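Visitor: The chain contents come next:
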Amino acid sequence: MSDNIKAATQEYATRLGDDAVVLGHRISEWVSRGPFLEEDIAYANVALDYIGRARMFYGYAAELANDGRTEDDFAYMRDDRQYQNLLLMEMPRGDFAYSQVRQLFIDIYYNLLLPELVNSKDDTLAAIAAKAIKETRYHLRRSRDWVLRLGDGTEESHHRAQAAVDSLWGYTHELFDMDETEKLLADNGIGVDTTQLREAWLKHVSAILSEATLSVPEDGWAVRGGRIGYHTENLGHVLTEMQFVHRSYPGCQW
Amino acid sequence: MSTEQQLSRQEQQFMDKIKAEEKIEPKDWMPEKYRKNLIRQISQHAHSEVIGMQPEGNFLTRAPSLRRKAILLSKIQDEAGHGLYLYSAAETLGITREELIEALQSGQAKYASIFNYPALTWADMGAIGWLVDGAAIVNQVSLQRTSYGPYSRGMIRICKEESFHQRQGYDIMLSLVNGSPEQKAMAQDALNRFYWPALMMFGPHDSESAHSAKSMEWKIKRETNDDLRQKFIDQTASQIEFLGLEHPDKDLKWNEERGHYDSGEIDWEEFQNVINGNGHCNRQRLEHHIKAHEEGAWVREALAAYNAKKQANKSEAA
Ligand SMILES: [Fe+2]
Ligand SMILES: [Fe+2]
Ligand SMILES: [Fe+2]
Numbered sequence: 001m002s003d004n005i006k007a008a009t010q011e012y013a014t015r016l017g018d019d020a021v022v023l024g025h026r027i028s029e030w031v032s033r034g035p036f037l038e039e040d041i042a043y044a045n046v047a048l049d050y051i052g053r054a055r056m057f058y059g060y061a062a063e064l065a066n067d068g069r070t071e072d073d074f075a076y077m078r079d080d081r082q083y084q085n086l087l088l089m090e091m092p093r094g095d096f097a098y099s100q101v102r103q104l105f106i107d108i109y110y111n112l113l114l115p116e117l118v119n120s121k122d123d124t125l126a127a128i129a130a131k132a133i134k135e136t137r138y139h140l141r142r143s144r145d146w147v148l149r150l151g152d153g154t155e156e157s158h159h160r161a162q163a164a165v166d167s168l169w170g171y172t173h174e175l176f177d178m179d180e181t182e183k184l185l186a187d188n189g190i191g192v193d194t195t196q197l198r199e200a201w202l203k204h205v206s207a208i209l210s211e212a213t214l215s216v217p218e219d220g221w222a223v224r225g226g227r228i229g230y231h232t233e234n235l236g237h238v239l240t241e242m243q244f245v246h247r248s249y250p251g252c253q254w
Numbered sequence: 001m002s003t004e005q006q007l008s009r010q011e012q013q014f015m016d017k018i019k020a021e022e023k024i025e026p027k028d029w030m031p032e033k034y035r036k037n038l039i040r041q042i043s044q045h046a047h048s049e050v051i052g053m054q055p056e057g058n059f060l061t062r063a064p065s066l067r068r069k070a071i072l073l074s075k076i077q078d079e080a081g082h083g084l085y086l087y088s089a090a091e092t093l094g095i096t097r098e099e100l101i102e103a104l105q106s107g108q109a110k111y112a113s114i115f116n117y118p119a120l121t122w123a124d125m126g127a128i129g130w131l132v133d134g135a136a137i138v139n140q141v142s143l144q145r146t147s148y149g150p151y152s153r154g155m156i157r158i159c160k161e162e163s164f165h166q167r168q169g170y171d172i173m174l175s176l177v178n179g180s181p182e183q184k185a186m187a188q189d190a191l192n193r194f195y196w197p198a199l200m201m202f203g204p205h206d207s208e209s210a211h212s213a214k215s216m217e218w219k220i221k222r223e224t225n226d227d228l229r230q231k232f233i234d235q236t237a238s239q240i241e242f243l244g245l246e247h248p249d250k251d252l253k254w255n256e257e258r259g260h261y262d263s264g265e266i267d268w269e270e271f272q273n274v275i276n277g278n279g280h281c282n283r284q285r286l287e288h289h290i291k292a293h294e295e296g297a298w299v300r301e302a303l304a305a306y307n308a309k310k311q312a313n314k315s316e317a318a
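Here the protein sequences come in this chain order: S and R. Residue numbers are given in the numbering used here: position 171 of the first sequence equals residue 171, and the series is strictly consecutive. Residue numbers are given in the numbering used here: position 96 of the second sequence equals residue 96, and the series is strictly consecutive.
Next comes chain S alone, as it looks inside the complex (with noise of 0.2 angstroms):
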């Protein structure tokens, strides 16, 4: 591997690592505050799924980096403009409708990124992306049957199905953004050029809403930066408590 494609591969790892662990942080944060006991389960479920993955992709960032650091060094030693995970993924875990909407949308995305990652010529994230896909299928289809039943339940639940795809719209364009890193990997066979995916998410977003009986917002409003380091508010406090604990104890074991 050449030392620009192994650079640029240990940050898209670490990217993708970071995403993986906002998302399960908030996913978490539902955990004994479902509407039900089963909600509860599958909440823990599914930030477990995303704190493995986000274990999976920092591993092999810091395989990669070869300096010493552990997956925990890039989950608990970073600051949040050293953070590159998508705006998307630190949005607050807001009620019901605004977390199973943002799952939704971050199902489907990955739904179409996976199976192309799998053909990735870097055999670990291939490897990584092959165990993910079970889990995001699994996902899905939560996700999708909440979105169908609080858009076309009751007259409260489609409001706030309706709000919450209004007020998350616009940090979804960020996912279809690529950079020069990302680039160079999707021209090199490693990562996914993820500008080919829109097309195909709008439709099956698109299907989904309508059969839930809400509507697709128009386009227009984009709000972008994870890529960069440049986020919204939330993530401070997100990374605040997560490192707390960690970082009051330097150099220690767990």
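Just so you know, the hints here were simulated from the structure itself, not pulled from any lab data. Please note that a few of the clues may not be correct.
[Stated by the list, open to error] If you only want the chain S side, here are some residues facing chain R, beta carbon under 8 angstroms, derived:
hint	residue
1	His25
2	Gly153
3	Phe176
4	Asp177
[To be verified] Think about it this way: if two alpha-carbon atoms lie no more than 30 angstroms apart in a straight line, the pair counts; the simulated DSSO-like pairs of lysine-lysine are:
hint	chain 1	residue 1	chain 2	residue 2
5	S	Lys134	S	Lys183
6	R	Lys309	S	Lys203
7	S	Lys6	S	Lys121
8	R	Lys231	R	Lys160
9	R	Lys160	S	Lys131
10	R	Lys253	R	Lys184
11	R	Lys33	R	Lys184
12	R	Lys110	R	Lys253
13	R	Lys160	R	Lys23
14	R	Lys291	R	Lys314
15	R	Lys310	S	Lys134
16	S	Lys134	R	Lys160
17	R	Lys160	R	Lys17
18	R	Lys19	R	Lys219
19	R	Lys19	S	Lys203
20	R	Lys33	R	Lys110
21	R	Lys310	S	Lys203
22	R	Lys17	R	Lys231
Here the structure is a predicted model, which means the values were calculated and not measured. We put the beta carbon where it would ideally sit given N, CA and C, even for glycine.
Following the hints, put chain R with the ligands in place on chain S, whose structure we already have.
Guide: Chain R with the ligands only, in chain S's frame:
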């Protein structure tokens, strides 16, 4: 034959089964008090699993490593599963989950008072897994032989997972005592705060226990509070020693003659105090549960409305 004779014959058959160690199943005749007693115990157990998610959930977002975070998530997921499984077992006795939750939220039904103690540091995740799940296992192993079939089978299934939890909790403690002086102090502090409340989990002394005698006769309970507590004290003593921590019970002493540890007296006043609502988290735990339940009301309504629409569409199509 008079109703009375019939009743006593049913009771006789019921007691014969109990004596023969046969399981009572949901469709079998059972005395009303047996049913009530079981509902009380199983639902209390279910509520404990559910409320117990809160103190550990309190550290999900702060777990100091990703590996520990994953293990904690998985444990809490298990506990929720235990709650679900136990609610189902209680439902076989002719009560609904809604009624059970209503009883929890109104304060009519209880949950284990141990969860009214606050989880303050990461070491508490170790102490809870090790001591709280540990005490629960001692009790639940004995309940595997309980006379009610669905409860007994539930316990067999649940015990396997609980012993994982205990080992994982102990493993957290091991990491801490082998770590920095601050980590070791954190472990000692957690042990000091959770040891006595864990002993109280077995309930009052046999002589003081309100429900014990009948529960033993019906083989709902298989061993007495004090016997179970003794087992726990005995097994925990060597575990504390292995960790190199100071034992919180200064009066603990091996009694060669009994083959057990003698121990100091539990502060029953504190036990009653916390049970009666003066623990740090009594109100918080219930308010948390009620808040989540109320915030979820519109979701449950949406689910019901959606299902009703689908049902209506189906019957229209048919
Ligand atoms: Fe449990
Ligand atoms: Fe438990
Ligand atoms: Fe447990």
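Visitor: Are Lys160 of chain R and Lys131 of chain S close enough, with their CA atoms no more than 30 angstroms apart?
Guide: Holds, because 27 angstroms separates the two Cα atoms, which is no more than 30 angstroms.
Visitor: Let me know if the C-beta of His25 of chain S comes in closer than 8 angstroms to any C-beta of chain R, holds or violated.
Guide: Status holds, d = 6 angstroms.
Visitor: Would the pair Lys6 of chain S and Lys121 of chain S pass a check requiring their Cα atoms to be no farther apart than 30 angstroms?
Guide: holds, 13 angstroms
Visitor: Restraint: Asp177 of chain S near chain R, CB-CB cut 8 angstroms. Satisfied or not?
Guide: The hint is violated - Asp177 of chain S has no Cβ within 8 angstroms of chain R, the shortest such distance being about 27 angstroms.
Visitor: Measure nothing beyond the straight line between the CA atoms of Lys134 of chain S and Lys160 of chain R; if it is 30 angstroms or shorter, mark the hint as holding.
Guide: Roughly 27 angstroms between the alpha carbons, so the hint for Lys134 of chain S and Lys160 of chain R holds.
Visitor: Can the restraint linking Lys110 of chain R and Lys253 of chain R be considered satisfied, given a maximum Cα separation of 30 angstroms?
Guide: violated, 34 angstroms
Visitor: Is the Cα-Cα distance between Lys19 of chain R and Lys219 of chain R 30 angstroms or less?
Guide: holds, 9 angstroms
Visitor: What's the verdict on Lys310 of chain R and Lys203 of chain S, does the C-alpha distance respect the 30 angstroms limit or exceed it?
Guide: holds, 24 angstroms
Visitor: Holds or violated: Lys291 of chain R with Lys314 of chain R, Cα cutoff 30 angstroms?
Guide: violated, 35 angstroms
Visitor: With a cut-off of 30 angstroms on the C-alpha distance, tell me whether Lys160 of chain R and Lys17 of chain R pass.
Guide: holds, 27 angstroms
Visitor: Against chain R, run the beta carbon of Phe176 of chain S and see if the smallest gap drops under 8 angstroms.
Guide: Violated: closest Cβ of chain R sits about 28 angstroms from Phe176 of chain S, beyond 8 angstroms.
Visitor: Would you check the hint for Lys33 of chain R and Lys184 of chain R, treating anything up to 30 angstroms between C-alpha atoms as holding?
Guide: violated, 49 angstroms
Consistency with the previously given hints fails for numbers 3, 4, 11, 12, 14 and 19, ordered from lowest to highest.
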